[in-house]
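Novice: With the hints as your guide, set chain B onto chain R.
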Amino acid sequence: MVHPSDGEAWKHFDRIHHEKAEEARNVRVALATDGFNPYGMLAAPYTCWPVFVIPLNLPPGVIFQRQMIFLSLVIPDHPGKHMGVFMEPLIDDLVKAWEEGVQMYNRATKRNFKMHVWYHYSLHDFLA
Amino acid sequence: MDDREWMYMGRTSQKDFSLEWIEKTEAFLEQAFDRAKGARTTWCPCDKCANTRKRTKEVMIQHLCKYGFTADYTQWVYHGEADCTREEVVRPRVEGYDDDGGVGHMLDDYGEAHFGEGFMEEEPEETAKAYYDMLSSAQKPLHGDTTVSQLDAIGRVMALKSQYSMSREHFDATLTIIATLLPAGHVLPKNMYESQKLLCALKMPYEKIHACPNGCILFRKDYENAKYCPECGSSRFLEVDSGDGNKRQLDIPVKNLRYLPPIPRIQRLYMTEETAKQMT
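Protein sequence lines, in the order shown, are assigned to chains R and B. Using this note's numbering, the first residue of the first sequence is number 163, and each one after it goes up by one. Using this note's numbering, the first residue of the second sequence is number 207, and each one after it goes up by one.
Simulated from the structure, these hints should not be mistaken for laboratory data. There's no promise every hint is true.
[Claimed, not checked] Within a straight-line C-alpha distance of at most 27 Å, the following computed DSSO-like cross-link-like pairs (lysine-lysine) qualify:
| # | chain 1 | residue 1 | chain 2 | residue 2 |
| --- | --- | --- | --- | --- |
| 1 | R | 276 | B | 483 |
| 2 | R | 173 | R | 276 |
| 3 | R | 258 | B | 414 |
| 4 | R | 243 | B | 461 |
| 5 | B | 483 | R | 182 |
| 6 | B | 427 | R | 258 |
| 7 | R | 243 | B | 427 |
[As the list claims (entries may be wrong)] Calculated Cβ distances over 12 Å to all of chain B for the following chain R residues:
| # | residue |
| --- | --- |
| 8 | 171 |
| 9 | 175 |
| 10 | 198 |
| 11 | 219 |
| 12 | 224 |
Remember, it's a predicted structure, so these values are computed and weren't measured experimentally. Glycine is no exception: its CB is placed at the ideal position from the N, C-alpha and C atoms.
So that you can see chain R by itself, here it is in the shape it has in the complex (with noise of 0.2 Å):
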């Protein structure tokens, strides 16, 4: 498996959501998110929680580097059983970018089109 588009998940997508999923411009996105400590694995009070959203349709030699990765949240503290909360406003839009989807230009093909983004999976690092 080279690219998240050979696993299951992305083809049952492709299933249910058939006409989304054709238009290939249409972007997948994955959420990942860990707590860090800026000032030493020791400073708790400093604690944050970085959101990163990462855009799938990238081809595979590229879609993990680092400019690829966007930073989308930061969230101070540990957010506990509160991180919907805080992800509210990402949340929010990305609802929004599904039902209603976002006007686009395009610069390879010099057009405009409305993307619609959804959510396809997340990475995360939860207590065993």
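Specialist: This is chain B only, laid out in the frame that chain R set:
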């Protein structure tokens, strides 16, 4: 600016002042209280107060005789003189700054060259257009004999700034030096403020959203103007004692969530030809 050496040369001890020192100090006091606009007290420039305390004219005279002027106070910024040293260094470069620099024409050319090829192509939608406009306007060369564009030049200096965490003043000074090395008529911005103004279309927007310190809610949408969390009642802002036993809210939020919307960033991917091809 007239020479201010007398401030320190004219007074050698508590009892020894030159005639010049007395005259000029008097003139200084006149001017200082003139510019204090009727106030009885103003900042005392003596060595002891060092412009941190306000004194009346009489007290100030005593202080100046007793302690002398505070060190290196030749620019009377506390007494009505603008702090213009930096302006002076910077100014020669502003002359070479043309108002419009033919950006208007350039935009038209750019539009024709890039969006006018064939009838099949569409005008880019609004945000994309603003971005391209900004790019094209910054494409003008830094000065007559180079291919380096204005945007490119700022980008490089800005990159240095963040790499070595230059202070703002350091950055301004560096720009000033680079500017003196460039031929006349260049368009390098003269300070940090102007560079940021040019780069602001490049930057991705981000929002700061205040959050409840216990993580119950975010202060957005319905709660945009709330001051306390509707769930747990904790304060949105830092609180201090107001003196009468109550608490007063400052305007500093307790918890700040930073949100960088991903959609415009994906849009940006499509706006660049190379990544746009890769995305499909």
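Novice: Does residue 182(R) lie within 27 Å of residue 483(B) when you go C-alpha to C-alpha?
Specialist: Roughly 19 Å between the alpha carbons, so the hint for residue 483(B) and residue 182(R) holds.
Novice: With a cut-off of 27 Å on the C-alpha distance, tell me whether residue 258(R) and residue 414(B) pass.
Specialist: Measuring from Cα to Cα gives roughly 20 Å; hence the hint holds.
Novice: Is residue 427(B) within 27 Å of residue 258(R), Cα to Cα?
Specialist: Distance ~15 Å between residue 427(B) and residue 258(R) Cα, so the pair holds.
Novice: Against chain B, does residue 224(R) hold up as non-interface, every C-beta pair farther apart than 12 Å?
Specialist: 6 Å, violated
Novice: Assess, step by step, whether the Cα of residue 276(R) is no farther than 27 Å from the Cα of residue 483(B), and give holds or violated.
Specialist: Given that 27 Å is the threshold and the Cα spacing comes to 16 Å, the pair holds.
Novice: With the threshold set at 27 Å, check whether the alpha-carbon distance from residue 173(R) to residue 276(R) stays at or below it.
Specialist: 23 Å, holds
Novice: Holds or violated: is the Cβ of residue 175(R) farther than 12 Å from all Cβ atoms of chain B?
Specialist: 17 Å, holds
Novice: Determine whether the non-interface label on residue 219(R) survives the test: each CB of chain B must be over 12 Å from its CB.
Specialist: For residue 219(R), whose nearest Cβ neighbour in chain B is about 5 Å away, the distance does not exceed 12 Å, so it is violated.
Novice: Do the alpha carbons of residue 243(R) and residue 427(B) lie within 27 Å of each other, as the hint requires?
Specialist: Status holds; Cα separation ~21 Å.
Novice: Would residue 171(R) pass as off the interface with chain B, using Cβ distances and a cut of 12 Å?
Specialist: Per Cβ check, residue 171(R) is outside 12 Å of chain B; nearest 20 Å; holds.
Novice: Taken at face value, is the distance from the CA of residue 461(B) to the CA of residue 243(R) at most 27 Å?
Specialist: 16 Å, holds
Novice: With 12 Å as the threshold, tell me whether residue 198(R) passes as away from chain B on beta-carbon distances.
Specialist: 15 Å, holds
Hint compliance for this structure: hints 11, 12 are broken, all remaining hints hold.
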